[in-house]
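> Each chain, letter by letter, is given below.
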Amino acid sequence: MNQEQLQTIIFAELKTIAPESDPAELSPDENIREALDIDSYSFLKVLVGLNEQTGVDIPEADYGKLSTLQAMTEYLAARIR
Amino acid sequence: MFFQPIKKNIKSMAVQPNLTDYTTIRAEFSWEAVRRELSGLPGGQGLNIAYEAVDRHAEGPGQNRIAIRFLGKDGGVSDLSYGDLRDRSNRFANLLRSLKVDKGDRVFWLAGRIPDLYPIFFGTLKNLNVFCPLFAAFGPEPVQQRLERGNARILVTNRKQYTKKIAPLLNRLPELRYILLVDSTEDINEQVLSLPRLMAEAADMFTIPPTDPEDMAILHFTSGTTGLPKGAVHVHNAVQTHFITGRYVLDLHQDDIYWCTADPGWVTGTSYGIIAPLLHGVISIVDEADFEPERWYRILQEQKVTVWYTAPTAIRMLMRVPEELPGKFDLSSLRLVHSVGEPLNPEAVLWGQKVLGLLIHDNWWQTETGGIMIANYAALEVRPGSMGLPLPGIEAAILTHLDAESVRVEESDVEGELALRRGWPSMFRAYLHDEERYQKCFAGEWYLTGDLARRDADGYYWFIGRADDIIKTAGHMVGPFEVESCLMEHPAVAEAGVIGKPESTIGELVKAFVVLKAGYKATDELSHELIGFGRGRLGSAVAPKEIDFVDNLPKTRSGKIMRRLLKARELNLPVGDTSTLEGSTTS
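Going line by line, the protein sequences match chains R and X.
According to this note's numbering, the first sequence is numbered sequentially starting from 985.
According to this note's numbering, the second sequence is numbered sequentially starting from 2.
Since the hints were derived computationally from the structure, they do not count as laboratory data.
Treat the hints with care, since some could be wrong.
[What the hints assert, rightly or not] Pairwise CB distance ranges (calculated):
| no. | chain 1 | residue 1 | chain 2 | residue 2 | range |
| --- | --- | --- | --- | --- | --- |
| 1 | R | Q989 | X | D188 | 23 to 29 Å |
| 2 | R | E1036 | X | Q146 | 34 to 40 Å |
| 3 | R | E1036 | X | A495 | 31 to 37 Å |
Since we're looking at a predicted model, the values are computed, not measured.
Using N, Cα and C, we set each Cβ at its ideal position, and we do this for glycine too.
With these hints in hand, go ahead and build the complete structure from the sequences.
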């Protein structure tokens, strides 16, 4: 899976929680939760969705390692099979 | 399942609790004695929260002690001493005076947890203005409703919030005189001014005018079942409750390092995130960032937090993280953990004991009560799942309504409405502009909380549920009516009924049942569109997270949506007597 495909998955998960948003407009280092108004409970749902779509196990302790688009993409890219 | 009461060994505690003999302290308690422990304004000029929390320390040996330790999102740490806080709040009070903001005028805050909050809060109170915080995750509609209903004169906010939520609404807010931007070094126009510029120009000496303890100090909006949000009015006298709960419940001692995780947009974030710790002269930790398990454990370790006040949603999210994570941190400074927002399930109380080595102490109160009313105490036995015993000075009871005006006080082990005998210092004094709704909250001498509960034979209170349709999600109240009205503004929606669907982490989740207008199809796309529509207008804190399409909504013969029935169906519970219903089938 290349970076573009990963971002497509990430955008789709973010759109499920925040359908009114346009995740493609996120800057790579912007805090996703703040930019898209996603509360901590809904952010967990995003992570669960990403796990289902990519097969990458995201322990909840790693929650803080996926706070920006760049971090999220790198985190998943490094672990995806 | 029944959980055994958990006894404490007081002698083994490193810090001896302030309240050990509950019965005696309760019997001998008087609010007059509490009032005498507070300084009062110099020269007998009354009682002002800002003086008690800030100036009386700043004018004594506490001047250079740290009041607020602020942890920035970027990892930066900045300290504000009691002396700094006095000087900077004086500047803001002078600034308000120079803008000709009159006594009682409302100053609103919409800028999250940043260092400016604290001087602005106390400066507002020093100039005898009224502070009203708004939660940053409110969308434009809740923000506008509250600003308008609260007669906002001044709004302190940031550029992002201003551009997104305020600028489009300005023509609907004729009473709003100035908007002060915390992150703009230049004025935008004659109405939208730079806070840093004004603060730099203001003098740092200010004498607090005489303050009647009954002068309005803080306005907190809370959601009602029907109609607009209610503005609960609190007065300076509330400081007595903040002080005594800081002593007996939070158990603050002078060397404590205290962390309250609540956002100042909610009442816990002001009563216990700003006022109570400073009254006791302790160091109060403020974290700008949102919840994140590892960050939170690191703060507990690095800041050597001793007393921690948090919420069930956060605790339950921490419970989902494997125990190895907290195991990596040294949490040995922590001696006391409190929780508020919704009932804390017994499993969470015991999780604290197992993972943090400390029980979690649940307590109960509301926006209207201004401070903690019923609590589990450091020295007393904890009954997991119980909200605990009433604060000394507070008389609680379980009532049954006999008719519109009269009630019966019940004995133990009877379920009924939780009530408090009126007259404690932090009781709300009004719902702004709504005397009728205020009066409806009382039956004779009793304030009716709207919560159902029971008391056991030993006086411990146990929460049962809400007596009305108000939704409690992640510790805050959402009025179903606000959400329904918003959804009905969407062209596809004919009707909407909104409930709190039980959810194990956040307590309840806002769920909407929607009847579509003819010509619209119930599709996933439309469901997403409605969720986005709600979020855009109401913000993530209020908007529905789930939508179900139905053919019709159950209503009473007078046309009122039976939300209780929607909820019963959602939970597959027996729906009870439906004889007063019309249209009682759903798809």
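> Does each hint fit the structure? Answer for all of them.
Status of each hint after checking the structure:
1. R/Q989 - X/D188: 23 to 29 Å: At roughly 48 Å between Cβ atoms, X/D188 and R/Q989 fall outside 23 to 29 Å, so the hint is violated.
2. R/E1036 - X/Q146: 34 to 40 Å: holds (38 Å)
3. R/E1036 - X/A495: 31 to 37 Å: For X/A495 against R/E1036, whose Cβ atoms are near 34 Å apart, the range 31 to 37 Å holds.
Consistency note: the structure conflicts with earlier hint 1 alone.
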